[in-house]
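Asks: Construct the entire structure; sequences and hints are all you get.
Residue numbers (my numbering), protein chains in the order written: chain L, 1 to 195; chain V, 1 to 261.
Please note that the accuracy of each hint is not assured.
Said to hold, decoys possible - Partial list, computed: chain V residues near chain L (C-beta under 8 Å):
hint : residue
1    : THR75
2    : PHE112
3    : SER116
4    : PRO125
5    : VAL126
6    : GLY145
As the list claims (entries may be wrong) - In silico DMTMM-like cross-links for lysine to aspartate or glutamate, where the CA-CA straight-line distance does not exceed 20 Å:
hint : chain 1 : residue 1 : chain 2 : residue 2
7    : V       : LYS184    : V       : GLU159
8    : L       : LYS111    : L       : ASP189
9    : L       : LYS6      : L       : ASP188
10   : V       : LYS10     : V       : GLU208
11   : L       : LYS6      : L       : ASP189
12   : L       : LYS6      : V       : GLU208
13   : V       : LYS186    : L       : GLU174
14   : V       : LYS184    : L       : ASP188
15   : L       : LYS37     : L       : ASP133
16   : V       : LYS137    : V       : ASP230
17   : V       : LYS186    : V       : GLU159
18   : L       : LYS8      : V       : GLU208
It should be emphasised that the hints constitute simulated quantities derived from the structure, not laboratory data. From a predicted model like this one, the values you see are computed outputs, not experimental measurements. Beta carbons: idealized from backbone N, C-alpha and C, even for Gly.
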Amino acid sequence: MKNHRKLKLTDILVTIVIALVFGLIYKLWGPVSYLLKPLGFQIDQLIYGMWFMAGPFALLLIRKPGTALLAETAAALGEVLFAGQGGVIDFYYGFLQGLFAELVFLVFRYKSFNFSVAVLSGMASALASFILDLGYGYLFELAGWNLILNIIFRFIGAGLIAGAFSYVLVKALESAGVANIVRPVSKDDYDVLNQ
Amino acid sequence: MLTYHTWLSKVNPSFKFLIIAVLFIALLTVHNLNTMIWITGLFFILYLVFNGFNIKLSSWMLLLALILAVLSSTTMIFFGQGTHILFKWHFLVISKESLARGCHIGLRTFLFSILSLIFVSTTKPVLFFYSLMQQLKLPPKFAYGFLAAFRILPMMYEEFHIIRAAMKVRGIEKNKGPKGQYHKIKRYAITLLAQSIRRAQRTAVAMEAKRFSLAKNRTYYYKTGVSSYDLIFLLTMSMIVMLAFVLSSTLPLTPFTNVIE
Chain L
1 MKNHRKLKLT
11 DILVTIVIAL
21 VFGLIYKLWG
31 PVSYLLKPLG
41 FQIDQLIYGM
51 WFMAGPFALL
61 LIRKPGTALL
71 AETAAALGEV
81 LFAGQGGVID
91 FYYGFLQGLF
101 AELVFLVFRY
111 KSFNFSVAVL
121 SGMASALASF
131 ILDLGYGYLF
141 ELAGWNLILN
151 IIFRFIGAGL
161 IAGAFSYVLV
171 KALESAGVAN
181 IVRPVSKDDY
191 DVLNQ
Chain V
1 MLTYHTWLSK
11 VNPSFKFLII
21 AVLFIALLTV
31 HNLNTMIWIT
41 GLFFILYLVF
51 NGFNIKLSSW
61 MLLLALILAV
71 LSSTTMIFFG
81 QGTHILFKWH
91 FLVISKESLA
101 RGCHIGLRTF
111 LFSILSLIFV
121 STTKPVLFFY
131 SLMQQLKLPP
141 KFAYGFLAAF
151 RILPMMYEEF
161 HIIRAAMKVR
171 GIEKNKGPKG
181 QYHKIKRYAI
191 TLLAQSIRRA
201 QRTAVAMEAK
211 RFSLAKNRTY
221 YYKTGVSSYD
231 LIFLLTMSMI
241 VMLAFVLSST
251 LPLTPFTNVI
261 E
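Replies: Shown next, in the form of structure tokens:
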């Protein structure tokens, strides 16, 4: 069974296609977020979660170890190659966000892919982004109430977009019959053959 | 995308990427506004002289980078902490410190855009991935996965138009408001993703059959190597950074030497 979980070219290509689509969205999301920024009150943080979506989405769909990390890193690399605003720094963000999303699924030993795990992995990516923001964004030089709003809004946005919305999309793709062509063969599938 | 071939396009793509990636981390430790101004200025000149875009594309990219830089500084300027208050209006407090820090962040956003533009405008994506395989030993299945995925993107764009036309023909009504928007996004996302996942899966099966994922003893259509241009690139980048540090101490343009304080 273990061999079925290793990433093959098929998994990689599907993951990267998804990732590049998200890379393009990430690139376009920059201006959207910056338009909300001058409104103040950290409103832009509510949509920040879009930048975490590739990781949880890919892993929920393909259900193989490593896909969240690969998807989020590839999406970030895509964003760099599409000349995204943050430049190569996006690549570091992508890598760490993907890693944290991946870790949540690892904690559940890649056996649980339900709604709450999805939301949790989205929020884990948000945590990763805060770790990098410590050095990069001068986050803690913001006035206190603004900082608290920033943290709360980003976690809410991450849970909603990267977690809940990914979950809904993958469910819809399952009913469209797409998910089963990219997922590893499970024990149930073998049992069907033995009947 | 590349219109002109300057010497920067002859530098090994992976090497260029690594140098710029290291430079990004190094620049995060710069908290001196004067140094930031000089570094940004010098790299801006490097970009203007040696970028590979045509004038029109280059100006658009610069304009976008400038707008993003201005917008990225606003949060810190309006809401940052500071004691020497210049302007106050309800929640909005502008202090000397927050203004300096905001400018610093804006400049850094601009600088990072410039550095990425230097990379993107002088690097062919295909050669970048071939060089990742040959110099950095990235497994071919990842590199060819990327290259194939790039080819699928234009097909998705075409499909997007087909889906939109199909929805129009079938008279799918436009619901207004956030809920309508949500349904619209979902409808497009599912159809586009489903199609491209199927296509990616078929492509991958064909690629595996043709041994694209083979890692050992393989040959490459494009050969990328190391040349003297890599040394020149390394020297140029380090010279610029050193020059900026020297200039910031001999010709400081502002009194802010540490924006964190």
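Asks: So, for every hint listed, does it hold in this structure?
Replies: Outcome of the hint check:
For V/THR75, the suggested interface contact is upheld, since its CB lies about 6 Å from the closest CB of chain L, less than 8 Å. The interface hint given for V/PHE112 holds, since its Cβ lies 4 Å from the closest Cβ of chain L, which is under the 8 Å cut-off. At its closest, the beta carbon of V/SER116 sits 3 Å from a beta carbon of chain L; the interface hint therefore holds under the 8 Å criterion. For V/PRO125, the shortest C-beta to C-beta distance to chain L is roughly 6 Å, which falls under 8 Å, so the interface hint holds.
The beta carbon of V/VAL126 is not positioned within 8 Å of any beta carbon in chain L (closest approach about 11 Å), and the interface hint is therefore violated. Restraint check, V/GLY145 versus chain L: the minimum CB separation of about 4 Å is within 8 Å; hint holds. Only pairs whose Cα atoms come within 20 Å are accepted, and V/LYS184 paired with V/GLU159 is accepted, the gap being roughly 16 Å. Restraint check for L/LYS111 and L/ASP189: the C-alpha separation of about 16 Å stays at or below 20 Å, so the hint holds.
For the proposed pair L/LYS6 and L/ASP188, the alpha carbon gap of about 19 Å is at most 20 Å, so the pair holds. Distance check on the hinted pair: V/LYS10 and V/GLU208 sit about 32 Å apart at the alpha-carbon level, beyond 20 Å; violated. Restraint check for L/LYS6 and L/ASP189: the C-alpha separation of about 18 Å stays at or below 20 Å, so the hint holds. Proposed proximity of L/LYS6 and V/GLU208 is supported: the alpha carbons are some 15 Å apart, at most 20 Å.
Pair hint V/LYS186 plus L/GLU174 holds up; C-alpha atoms about 14 Å apart against a cutoff of 20 Å. The straight-line distance between the Cα atoms of V/LYS184 and L/ASP188 is roughly 35 Å, outside the 20 Å bound, and the hint therefore fails. For the hint linking L/LYS37 to L/ASP133, the alpha-carbon distance of about 16 Å falls within 20 Å, and the restraint holds. Restraint check: the Cα-Cα separation between V/LYS137 and V/ASP230 comes to about 18 Å, which is no more than 20 Å; the hinted pair holds.
Distance restraint check for V/LYS186 and V/GLU159: the Cα-Cα separation of roughly 16 Å lies within the 20 Å cut-off, and the hinted pair is therefore satisfied. Restraint check for L/LYS8 and V/GLU208: satisfied, since their Cα atoms lie roughly 9 Å apart, inside the 20 Å limit.
Of the numbered hints given earlier, the model fails hints 5, 10 and 14; all others are met.
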